[in-house]
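Number of protein chains: 6
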Amino acid sequence: MTAETRQDRFERGMRVLSTIDGEAGERVVSSLADISPELGHQVAAWGFGDIYSRPGLAPRDRQLVTIGMLTALGGCEPQLEVHVNASLNVGLTPEEIVEAMLHSAVYCGFPKALNATFVAKKVFGERGLLPVGGR
Amino acid sequence: MTAETRQDRFERGMRVLSTIDGEAGERVVSSLADISPELGHQVAAWGFGDIYSRPGLAPRDRQLVTIGMLTALGGCEPQLEVHVNASLNVGLTPEEIVEAMLHSAVYCGFPKALNATFVAKKVFGERGLLPVGGR
Amino acid sequence: MTAETRQDRFERGMRVLSTIDGEAGERVVSSLADISPELGHQVAAWGFGDIYSRPGLAPRDRQLVTIGMLTALGGCEPQLEVHVNASLNVGLTPEEIVEAMLHSAVYCGFPKALNATFVAKKVFGERGLLPVGGR
Amino acid sequence: MTAETRQDRFERGMRVLSTIDGEAGERVVSSLADISPELGHQVAAWGFGDIYSRPGLAPRDRQLVTIGMLTALGGCEPQLEVHVNASLNVGLTPEEIVEAMLHSAVYCGFPKALNATFVAKKVFGERGLLPVGGR
Amino acid sequence: MTAETRQDRFERGMRVLSTIDGEAGERVVSSLADISPELGHQVAAWGFGDIYSRPGLAPRDRQLVTIGMLTALGGCEPQLEVHVNASLNVGLTPEEIVEAMLHSAVYCGFPKALNATFVAKKVFGERGLLPVGGR
Amino acid sequence: MTAETRQDRFERGMRVLSTIDGEAGERVVSSLADISPELGHQVAAWGFGDIYSRPGLAPRDRQLVTIGMLTALGGCEPQLEVHVNASLNVGLTPEEIVEAMLHSAVYCGFPKALNATFVAKKVFGERGLLPVGGR
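Residue numbers (the UniProt record's numbering), protein chains in the order written: chain F, 1 to 135; chain Z, 1 to 135; chain D, 1 to 135; chain E, 1 to 135; chain H, 1 to 135; chain W, 1 to 135.
With the rest of the complex left out, here is chain F (with noise of 0.2 angstroms):
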């Protein structure tokens, strides 16, 4: 069992970080610095380098699980639009996603199936992925 500093647990989270969640994610980090960077630093080496980097689960399937979440708790529309940058980049289709968001309005409602599904319209818009083929 390796021992480790606060800077190397940091370094490690930040790794998976930006893997994970690209510039968005660092731009969090980053945006925390001068208000709580014990939270930016909590973010990347527990949220990232505990427990996102764990292998016992999938980043894609991590990434269902996440959206699954962020749509349900509602009011977290900044942290699903990291999510479902996220999500792309570790390999749902736009079209999953979108399926995903349309399953949760059987369990959350259709309101919150709504915005998260806006979120996932100004995500993908921003990356030129619009229109998603529907049925």
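These are calculated hints, taken from the structure and not from any lab test. Heads up, the beta-carbon is just placed ideally off N, CA and C, and yes, glycines get one too. Treat the hints with care, since some could be wrong.
Unchecked claim - Across the chosen pairs, the derived CB separations fall in these ranges: (1) Pro131/H / Ala24/W: 37 to 43 angstroms; (2) Glu26/F / Thr2/H: 44 to 50 angstroms; (3) Ser31/Z / Pro78/H: 22 to 28 angstroms; (4) Arg6/Z / Arg54/H: 55 to 61 angstroms; (5) Arg127/F / Ser18/E: 36 to 42 angstroms; (6) Glu26/E / Arg127/D: 23 to 29 angstroms; (7) Leu130/H / Arg127/Z: 38 to 44 angstroms; (8) Pro55/D / Arg54/Z: 28 to 34 angstroms; (9) Glu26/W / Glu26/H: 46 to 52 angstroms; (10) Arg54/E / Ser31/H: 44 to 50 angstroms; (11) Asp8/W / Val90/H: 38 to 44 angstroms.
Unchecked claim - One-sided excerpt, in silico: chain Z residues whose CB lies under 10 angstroms from chain F: (12) Val28; (13) Ser30; (14) Asp34; (15) Ser36; (16) Gln42; (17) Val43; (18) Trp46; (19) Cys76; (20) Gln79; (21) Leu80; (22) Val90; (23) Gly91.
Claimed, not checked - Calculated from the model, a selection of chain E residues having no Cβ within reach of chain H, i.e. all distances over 12 angstroms: (24) Gly22; (25) Ala33; (26) Pro59; (27) Glu81; (28) Ser104; (29) Gly109; (30) Gly128.
Given chain F's structure and the hints, the job is docking chains Z, D, E, H and W onto it.
Just chains Z, D, E, H and W, lined up with the frame of chain F:
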């Protein structure tokens, strides 16, 4: 028991949606066309065609329940805006809508009651219904 | 404008609470006597005396809003049980209550609609109101 | 485009529901028979027949999204119990389910992650799947 | 036990509200004047006059509870903004507020902790309190 | 900056957890041993070792925030029970805990305030602390 095609169900739902929610509801469905046409289909076919149109509860009563739900869920201001308009369309008075939101403070607390009330203020302002008579 | 003492307000609220919620509501207040009598006071004096009793919305309509809120909040089954009883007390029919909960599935999803419906099943069972006529 | 009766849609949904959720899902529908048969109808016809059965997302993936949503919503332990069983039925391993719930701690916090994990413990215990391999 | 009129109670509440929340709180009440003056009345008379002013918990402690609640509820950023200001007004330091929000990540997850922290960043920026000392 | 192994971090966290939450907290960790030992590890190592133990906010103050969050989240009664005990352990009085829950009614509504207060009643009863002095 009549057999219906998918398209029959959609058209039946859209007629209900248009009657209740008006153009604001139609805009939600059309704004889904390039991202999740299936979600738009289901909002109309299921939400309005299968559920809202049932005779067991008057539209006015459905809107009271809906205002309660959207206020309690939080983060559903866009949907609440559609449904404040819908509530006026089906016969609830501005006074009743505002009173329902005051009532919500007892069960959901002031923050959510305030968020809902400011949505009503926006809608009533657009429809020339301000000021609402206080006590 | 009449001046009232704290006790006046409490008694006025308890009369409304007893009319609407019956013994179930009184039990909530009395069960608070040894832990938070002030919370019991405020439920009666403010919730019922100041808000529920206002004339701007009929008790039946308040219950529709309340069912919507308690279904959407989740985890409020004890309060929903009191309010399903209250809904019957103020004139909502079992069919309307069940229809409101079906309607909630569109906005809150099936899990919360199911939780609410099983609370109604418990209350209706205790009051000899099962089966409720379906379609 | 095929025309279907209400009964056709229900039967098609029940076949999907039985395949995914097994007897636990059928029990939910039958327990609604005396209180809200329409809710049971819609869970089957819409939730499973119209949405779950769509080919755009594999059942295993739908369950990952669903576990995320039910964990995040909170207060939906009965539904989570059905869906932990369903997740096993469609091929998620106990290790993946538990990992998804650990992952949820990052986005929903420990209390909801704990509630979900104890539901998994109950289901896995009933199915002889304890202990789950840790690290 | 003193008798009070409705107006007495409102004025007593407004004095507490003004002391704690300052102009931001007064603006909430005045912005309700044309839509729901009764809600503004109750925020002041009940929320501040009856509850906040009770001696059993110091204003600083009430703000810690309030920050926890508003962070957990989600979607209450406007109210959180008022209460971050209020927290500073009653003596919590920027460091304590930020630490409370970091603490919230354990119980509510990172997305809500981030949303709250960015509200604090806005308020602290307006009051010239950035950067907050990190580790 | 000291280097720590995974085991070091866990042991450091367990010492904090045991001091704050006592046996109730240890039981949560041990009850995870056969289902998700990693979740138990993270509750201790991260929740208590990394976050709770930080000097920026006193344990008493962390408990006020935590009571606020758990009351607002809803459906977290088991965790609230642990934290009402923890709150007493770190020096909050029964009167302060009950007052914090009364305060929560303003922001979360009565149902969640009632659920939290009945958890406090259970804990205080077990510890021989009833009745709590009212006003």
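Results for each hint:
1. Pro131/H / Ala24/W: 37 to 43 angstroms: holds, 39 angstroms
2. Glu26/F / Thr2/H: 44 to 50 angstroms: violated, 60 angstroms
3. Ser31/Z / Pro78/H: 22 to 28 angstroms: Cβ of Ser31/Z to Cβ of Pro78/H: about 25 angstroms, so the range 22 to 28 angstroms holds.
4. Arg6/Z / Arg54/H: 55 to 61 angstroms: Distance hint for Arg6/Z, Arg54/H holds at roughly 59 angstroms.
5. Arg127/F / Ser18/E: 36 to 42 angstroms: holds, 40 angstroms
6. Glu26/E / Arg127/D: 23 to 29 angstroms: Check passed, 28 angstroms falls within 23 to 29 angstroms.
7. Leu130/H / Arg127/Z: 38 to 44 angstroms: holds, 41 angstroms
8. Pro55/D / Arg54/Z: 28 to 34 angstroms: Since the Cβ atoms of Pro55/D and Arg54/Z sit about 30 angstroms apart, the hinted range of 28 to 34 angstroms holds.
9. Glu26/W / Glu26/H: 46 to 52 angstroms: Roughly 49 angstroms apart at Cβ, these two residues keep to the hinted range, so it holds.
10. Arg54/E / Ser31/H: 44 to 50 angstroms: The hint (44 to 50 angstroms, Cβ to Cβ) holds, given that Arg54/E and Ser31/H are roughly 45 angstroms apart.
11. Asp8/W / Val90/H: 38 to 44 angstroms: holds, 39 angstroms
12. Val28: Val28/Z check passes; min Cβ-Cβ to chain F is 7 angstroms, inside 10 angstroms.
13. Ser30: violated, 12 angstroms
14. Asp34: Since the shortest Cβ distance to chain F is 4 angstroms, the answer is holds.
15. Ser36: Hint holds; Ser36/Z Cβ to chain F Cβ min 5 angstroms, cut 10 angstroms.
16. Gln42: Status holds, d = 7 angstroms.
17. Val43: Constraint on Val43/Z satisfied, holds at 6 angstroms.
18. Trp46: It holds, given that the least Cβ distance between Trp46/Z and chain F is near 9 angstroms, below 10 angstroms.
19. Cys76: holds, 4 angstroms
20. Gln79: holds, 4 angstroms
21. Leu80: holds, 8 angstroms
22. Val90: violated, 18 angstroms
23. Gly91: Violated. Min distance 23 angstroms.
24. Gly22: For Gly22/E, whose nearest Cβ neighbour in chain H is about 31 angstroms away, the distance exceeds 12 angstroms, so it holds.
25. Ala33: holds, 37 angstroms
26. Pro59: holds, 27 angstroms
27. Glu81: holds, 22 angstroms
28. Ser104: violated, 8 angstroms
29. Gly109: Label violated. Min Cβ-Cβ 4 angstroms, cutoff 12 angstroms.
30. Gly128: holds, 32 angstroms
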